[in-house]
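This is what each chain is made of:
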Amino acid sequence: MTTAQKDPVVVVVQLSGGNDYLNTVVPYADPNYYDGRRNLNIPEDQVLHLDDELGFHPAMEPMARMYKDGNVAVIHGIGYQNSVRSHFRSMDIWHTCEPVKVGTEGWLGRATRELDPIGENPVTAVNFGHGLPRALVVPGVSVASVADLAGYGLLTDISERQQREKVLQRFSNIYAPSMGAGQVMDYLGQTGRDALKGADILKAAPEKYTSTVEYASTGIARSLRDIAMTHTADLGTRIFYTQHGSYDTHAGQAAAHHKLWSELSVAISDFWDDLREHDADENVIMYLFSEFGRRVRDNGSGTDHGAAGVSFVIGPRVAGGMYSTYPDTRAEALDQGDLVPNVDFRSSYSTILEDWLKLDAVPIVNGSFEKLSFVGNGSGA
Amino acid sequence: MATTQDYVLTAHLMRRAGFGASWPEIERLSGQNYEQIVEELLHPEDRPPVDEFLLYRYHPTTELPGGNVAQGQANYLFHMINTPRPLEEKLALFWHQVFATGNNKVDNCNHLIDQIQMFRDHGMGNYRDMLLRIARDPAMIFWLDNQENHKYAPNENWGRELLELFSMGVGTYSETDVFEASRAFTGWTVSAKMPRFPYGRFPWSFEFRPEDHDEGDKTFLGHTGNLNGDDIIDIVVEQPACHRFIARHLYNFFVADEPQVPAWQIEEPRDPAAVDAIARVFVESNLEIKPVLRFILNSDFFKSEAVRFQRVKSPAEVVVGTVNMIDEFKGPVPYLEIDLSRQAGYMGQDILDPPSVEGWHTGKEWINSGSLVARINFVAGMVSNPEHKGVRDIIDRVVAEPAAASPEGLVDSTLKYMGMVEVGDDTRRELVEYARGASPIAVNEGGNGSGNGSGDAAVMEMMSLIAATREYQFC
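Listed in order, the protein sequences are those of chains H and V.
Heads up, the final residue of the first sequence is numbered 381 in the working numbering, and it's a clean run with no missing numbers.
Heads up, the final residue of the second sequence is numbered 856 in the working numbering, and it's a clean run with no missing numbers.
Keep in mind that the hints were calculated from the coordinates and are not lab data.
Hints may contain errors.
[Unchecked claim] Beta-carbon label-pair distances, calculated as ranges:
no., chain 1, residue 1, chain 2, residue 2, range
1, V, Asp657, H, Ala181, 49 to 57 angstroms
2, V, Pro713, H, Asn173, 38 to 46 angstroms
3, V, Glu556, H, Asp360, 31 to 39 angstroms
4, V, Phe587, H, Glu332, 39 to 47 angstroms
5, V, Val664, H, Glu165, 34 to 42 angstroms
6, H, Gln183, V, Arg810, 45 to 53 angstroms
7, V, Phe587, H, Ala331, 46 to 54 angstroms
8, V, Ser572, H, Ala181, 54 to 62 angstroms
9, H, His258, V, Arg661, 46 to 54 angstroms
10, V, Thr385, H, Asp234, 48 to 56 angstroms
11, H, Tyr34, V, Gly597, 24 to 32 angstroms
12, V, Ser666, H, Glu332, 46 to 54 angstroms
13, V, Ile719, H, Asp360, 46 to 54 angstroms
14, V, Gln498, H, Ala181, 56 to 64 angstroms
[What the hints assert, rightly or not] Which bits of chain V does chain H cover? Going by a derived footprint, with three or more residues having C-beta under 8 angstroms, they are:
no., region
15, 389-400
16, 800-814
Cβ atoms here follow ideal geometry from the backbone N, Cα and C, with glycine treated the same way.
Just chain H, same shape as in the assembly:
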């Protein structure tokens, strides 16, 4: 069933809490930056220079290396019009592509439905973490959610094999679709059936996996290792999702933001080394986003919720470089003290959906958005 290895795969990493764009991709040549960030600036000599205007946070050394290899696309000023400063609402908007009304369907859930219309493979999309992010939720679309890949299974307390099989058979009947059960019961039914099937499939991943890459013992490193295990096991998974955070650095930002990017950059770099070792990197791209950036002026030890942010696209098939432009940092150009977004997040989604996954983006992102050109053809630079 899985001749799908060379099918394109997307790994999405959500930076929860609102990542501080200004201190991630630092406009070190811009005096407005140092004016706004009296207490929380990265001095020019510590910035990891990318060009003569911009540089990465010093904790992003592995990312800077990948950027120089041509494998990282930086999407500047990303967001949406009338940016919302509430985490939850803004995250919902990024998840559902519905900036006005409250959406119930996630963009990656819709993509999963297009990739596997009859729900043949319950591990077409897999989330690593607790709970399922709304980006992956569409009624009737199954997405496996795995907290711990090694211990995954159903009714594992019934140790007698034959008896367990009988119970699981009955379980599968109980969760069979039924007419008029109501939306929530239908959802539970589908979830139960897919959990059963997904558990059987995912069992294989840790058994097959060996690697010389030693991941760090951070949560994000474990999640990316589990993604590498599942991807290299060739189970037909096309969409992976995980989160890292919290980037909600209202206070004590200098230390917290450094630690976050240090953990993340190292984990990402190890992940790509691992895929390369398995010759399984060419059909993967990774997308990093956060629900908003943070305010230009710091509040002393931290930063409050802002608007425009930054996304990254990483992988050997990515056309590395800068996309869109850094938003205007002059006081008169700001909206309530925040950078104004100049590229809609749905442009980046549309590019991934159409140029990478070969899907029609319009019905998934609820409209037509100009694509960016970060999906390249060749390998690396």
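Once you've looked at the hints, dock chain V against the given chain H.
For chain V alone, kept in the frame of chain H given last:
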């Protein structure tokens, strides 16, 4: 003599106003008048609190767990399992879900435990007082950065969430209101934190610093003046949006699942008349919570069959409800901190550590393929051990039922003694089919077949399978 309807209502009440009850408890309570059971729940002071000395004697590391959330969770779980005051404890969980404060940032379970104790002590009291207390709660201040909210550098985190998540709901105020409210809370901080080393943690306490408080005029929801934080709360609790918001929260927690909180401005309540009625009682009682609870629990909409099993159990309800059903793990138990207290987290609810200030997404969002597997495996594991007192009791009662010799009887008796569990016709048919092929129960001819063990496997498998049904995920 209690009727089936009495058992049904008692079991429903105890699932909602508590964490469920074992069959003997349901049977005992059903002998009383329903309103009387409600009154007892509403008067926790008539019963002793949890014996904390017992907890700290046997689980000393849970007294001041510092940043160790597993120890903090063990402390909280011990209370949920051992409380003689079910509604008080359930209400504390309600407030924890509303005023969600997490160790992932606070890094201090000592104060999170204090906050939960505040919910126990004052949860049935006045909502305005509750807001005044939570605004001064050290864990909350730190969680929402109000110690960084300064006269000349306002920090909006607390001001915004007070309005968006704790009282009124998004869309009922302007960005200016957020800013002005934040100014009114400048200078509300925690006492200077001593360095943790070398002596360890010092307790935090609320402190108002007049020199860091913005004394200028503020305009908030149409009121202008030199407003302080208390004034903001006084204005907030006058707003109809606030009354409806809290009424809907209570409906969502006690009656039936509503959509997620951010959707409330757009999606109508499932039962608008009930939410309006709750809001009215809330206003008439001058924002006292106890009369509102009395109204809800005695209302027709609460007792209606239409809302029974219409709330997806939260993971805390799964864990504590199971523990109550099997009548085990009461008092100090080995591995409380490293096993039992982790289970709700595996199902997606790390108590004392919500993912964000929005709290947990509830209802069907508790369920995904990962959490469903964790829920089923946990309950099935617990009911598969005949040495658990409650499991033994259920087996004995089922086996003693003459009807249990038939597959239908086995299914119905097991559902009953697991706490008047209700399943749909299709599910029942599958359970009956399974019972047909299961290990036969020795037919109990003399009405006294318990204890010979012949029925153990059949009843325990039936319990596992019931725990695995969709219906069992609801309460």
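Hint by hint, here is what the structure shows:
no., hint, in the structure
1, V/Asp657 to H/Ala181: 49 to 57 angstroms, "30 angstroms, violated"
2, V/Pro713 to H/Asn173: 38 to 46 angstroms, "42 angstroms, holds"
3, V/Glu556 to H/Asp360: 31 to 39 angstroms, "37 angstroms, holds"
4, V/Phe587 to H/Glu332: 39 to 47 angstroms, "40 angstroms, holds"
5, V/Val664 to H/Glu165: 34 to 42 angstroms, "58 angstroms, violated"
6, H/Gln183 to V/Arg810: 45 to 53 angstroms, "22 angstroms, violated"
7, V/Phe587 to H/Ala331: 46 to 54 angstroms, "36 angstroms, violated"
8, V/Ser572 to H/Ala181: 54 to 62 angstroms, "55 angstroms, holds"
9, H/His258 to V/Arg661: 46 to 54 angstroms, "52 angstroms, holds"
10, V/Thr385 to H/Asp234: 48 to 56 angstroms, "55 angstroms, holds"
11, H/Tyr34 to V/Gly597: 24 to 32 angstroms, "29 angstroms, holds"
12, V/Ser666 to H/Glu332: 46 to 54 angstroms, "51 angstroms, holds"
13, V/Ile719 to H/Asp360: 46 to 54 angstroms, "50 angstroms, holds"
14, V/Gln498 to H/Ala181: 56 to 64 angstroms, "42 angstroms, violated"
15, 389-400, "violated (count 0)"
16, 800-814, "holds (count 6)"
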